[in-house]
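Build out the structure end to end from the sequences listed, making use of the hints.
Quick note, the sequences are listed as chains A and B, same order.
Residue 414, in the numbering used here, is where the first sequence stops; the numbers in between run on with no holes.
Residue 134, in the numbering used here, is where the second sequence stops; the numbers in between run on with no holes.
A hint or two may mislead.
Going by beta-carbon spacing under 8 Å, a handful of chain A positions derived as facing chain B [said to hold, decoys possible]: (1) Q136; (2) H350; (3) H352; (4) D353; (5) I357; (6) G368; (7) H369; (8) C371; (9) P382; (10) G383; (11) V411.
Think about it this way: if two alpha-carbon atoms lie no more than 30 Å apart in a straight line, the pair counts; the simulated DSSO-like pairs of lysine-lysine are [said to hold, decoys possible]: (12) K109(B) / K410(A); (13) K109(B) / K409(A); (14) K109(B) / K407(A); (15) K62(B) / K407(A); (16) K109(B) / K27(A); (17) K129(B) / K62(B); (18) K109(B) / K140(A); (19) K62(B) / K116(B); (20) K129(B) / K410(A); (21) K62(B) / K409(A); (22) K320(A) / K262(A); (23) K407(A) / K96(B); (24) K409(A) / K96(B); (25) K410(A) / K96(B).
Everything labelled a hint here was simulated from the structure, so no lab data went into it.
Backbone N, C-alpha and C define an ideal beta-carbon position, used for all residues, glycine too.
Read off the chains here:
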Amino acid sequence: MLEPTKTVDVEKVRGDFPILRRTFDGKRLVYLDNAATTQKPKAVIDSLVDYYSRYNANIHRGVHQLSIEATEAHEAARKKVARFLNAGSHREVVFTRGTTESINLVRFAWGPAAVKEGDVVLLTLMEHHSNIVPWQQLAKERGARIEYVPLTPDGRLDMGEFERLLGLSPALVAFTQCSNVLGTINDAERLCSMARSAGAVTVVDGAQSAPHMAVDVRRIGCDFFAVSGHKMLGPTGIGALYGRRELLDSMGPFQTGGDMIKEVHVDGARWNDVPYKFEAGTTNIADAVGFGAAIDYLASVGMDRVRRHEVELLRYSFEKLSAIPALTVYGPADPESRGGVISFNLADIHPHDMASILDAEGVAIRSGHHCAQPLMDHLGVPGTSRASFYIYNSYDDVDAFIAALLKAKKVFSV
Amino acid sequence: MSSDFYRELILDYYRNPRNFGKLDPHDIDAKDLNPLCGDEVEMQVKVSPDKDKIEEIRFVGKGCAISQASASMLTELAKGKPLEWVRSLSRDDITKMLGTSDLGPARIKCAMLSVKVLKTGVYGYLGDKYDEPE
Ligand SMILES: Cc1ncc(COP(=O)(O)O)c(C=O)c1O
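Below, the structure written as structure tokens:
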């Protein structure tokens, strides 16, 4: 029996996810790789089928009925994202391929004009490569310099160092709201307020926070906020960038071509209004609609309940994990200050060997550097194994995970 | 997939790798890593005076049990063999060497990393270029 937590009726939720009915050699799927990508509820899958079956058309310029319906569904999805993040207006939401493209949009459309030679770009040691490499490239191009906020031993940002580094008057402060490795939830509101006082523009990587907790970009007070649809029940290939209106208005385009223009003549072009200025070419219409359906689903559960559910699973997991000797769990120990991500190493078992043994038990986790090599270097490990939760995970899943972990321990005789 | 391939043998070579370390002097030095996993293997070979055999071979590396055990066992297998023998090394040879048959597509890359490194080095020494087959 799946035991429902106090907050989410897991059994009911599980029924909405067709893939969770799969079995492997008679073992049910225990999916604990949600930080990489989440599974999709039937409502999202149906929304894609419905789009392609009933009203597929190119958007914006069509006068025929299908195009009108497709445009309306696409723009309705944008409004759902705007409401979900509490943006000031749907015009502050640009559809992208995901977090990576959202950050690259800022790097290319905002970066070159805003970052000058000798400027400082401030990142943290817990960033995903997608919030590091674009800035390294920008810094190289502009002759700017990158600084990293170091971490405390329990995997939080060193706030004293953050304050000191703000003294360098960075042009940009970019950080993740929730670490995909440590689970650490950063106080985005406080970080943005401090960064703003130091005159910096802020980019918040919301890839791991928006799917798992209520997010309010205006309360956070960030300039940009990036999310991926596929990490929050939506399809792959769609995500969004929230940008503060004045900034978006003042920026040049990202990619150029069709749809992002007001008018084009042989001697030049004028850009479209935001957000369309940043959406060149035919966009990913179907998946934007699916993203909207995912947000509807999450809203029906309630983001506060999603968060409580994961905190309960974390608490339960930590209790069980603390009984296993030779196990190292990374990141803050208090479930209330971290997301539902558990990175660990067990004795000399390499993360890939760990993941293989868990896989054989039907437990899907991820292993490796999790696109956070600077963090791995900081932790002094080549990689970690990582289990990550979502709304369809139950105490049973945690039990299966622990049992598989003990199996690995036995195979390796540690 | 089953995890039966974690036999004693593999764990033994993982924990007590034979021929681990650098080889000086050497005639061949090749290194590669698997960007997906971060597995790393470097092999150094001393070629026989008549330039046709692997006289000595050692490796260094880090990574999962499969990649490191495979590298270590391969050094034992390769020692004394003609350079041309390296060309014929196949996936089957490696699974046989590891004493396993069920490494699935995700892990076979770990096992084959050492082959890739050895082939790259030996082909280079012979004036060829090694391209990994699909
Ligand atoms: C914290 C964080 N940032 C960014 C990304 C990149 O997201 P995507 O691959 O969807 O662009 C991920 C996902 O792997 C992530 O966990």
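Each hint tested on the structure:
Checking Q136(A) against chain B by beta carbon gives a least distance of about 17 Å; that is not within 8 Å, so the hint is violated. Hint status for H350(A): holds, given a least beta-carbon distance of 4 Å to chain B, under 8 Å. Given hint, H352(A) at the interface with chain B, holds; its Cβ is 4 Å from that chain's nearest Cβ, closer than 8 Å. Here the hint on D353(A) is kept, as its CB sits about 5 Å from the closest CB of chain B, short of 8 Å.
Here the hint on I357(A) is kept, as its CB sits about 4 Å from the closest CB of chain B, short of 8 Å. Hint on G368(A) holds. Least Cβ distance to chain B is approximately 6 Å, under the 8 Å limit. Hint on H369(A) holds. Least Cβ distance to chain B is approximately 6 Å, under the 8 Å limit. Annotation: C371(A) was flagged as interfacial toward chain B, and the flag is violated, the nearest CB pair being 11 Å apart, outside 8 Å.
Contact between P382(A) and chain B, as hinted, is supported at the beta carbon level, the nearest pair being about 5 Å apart and thus within 8 Å. Look at G383(A): its Cβ gets to within about 6 Å of chain B, closer than 8 Å, so that hint holds up. Evaluation of the V411(A) hint against chain B yields a held restraint, the C-beta minimum of about 5 Å falling below 8 Å. Among the hinted pairs, K109(B) with K410(A) is consistent with the structure: their alpha-carbon atoms are about 25 Å apart, no more than 30 Å.
Between K109(B) and K409(A) the CA atoms are separated by roughly 24 Å; this keeps the pair inside 30 Å, and the hint holds. For a cut-off of 30 Å, the pair hint linking K109(B) to K407(A) stands: about 24 Å separates their Cα positions. Between K62(B) and K407(A) the alpha-carbon distance is near 23 Å, which keeps this suggested pair within the 30 Å criterion. Annotation: proposed proximity of K109(B) to K27(A) holds, straight-line Cα distance about 26 Å (limit 30 Å).
Proximity of K129(B) to K62(B) is assessed by CA-CA distance (about 25 Å); at most 30 Å being required, the pair is judged to hold. Simply put, K109(B) and K140(A) have alpha-carbon atoms about 34 Å apart, too far for the 30 Å limit, and the pair is violated. Taken as a hint, the K62(B) and K116(B) pair is honoured in the structure, with Cα atoms around 15 Å apart against an allowance of 30 Å. Note on K129(B) and K410(A): the hinted pairing is violated, with a Cα-Cα distance of about 43 Å set against a maximum of 30 Å.
Distance restraint check for K62(B) and K409(A): the Cα-Cα separation of roughly 20 Å lies within the 30 Å cut-off, and the hinted pair is therefore satisfied. For the suggested pair K320(A) and K262(A), the alpha carbons sit about 59 Å apart, so the restraint of at most 30 Å is broken. At most 30 Å may separate the alpha-carbon atoms for a hinted pair to count; K407(A) and K96(B) meet this at roughly 25 Å. Between K409(A) and K96(B) the alpha-carbon distance is near 26 Å, which keeps this suggested pair within the 30 Å criterion.
Taking the CA atoms of K410(A) and K96(B), the gap is about 25 Å. The hint holds against a cut of 30 Å.
The structure does not agree with the numbered hints 1, 8, 18, 20 and 22 stated previously, though it agrees with the rest.
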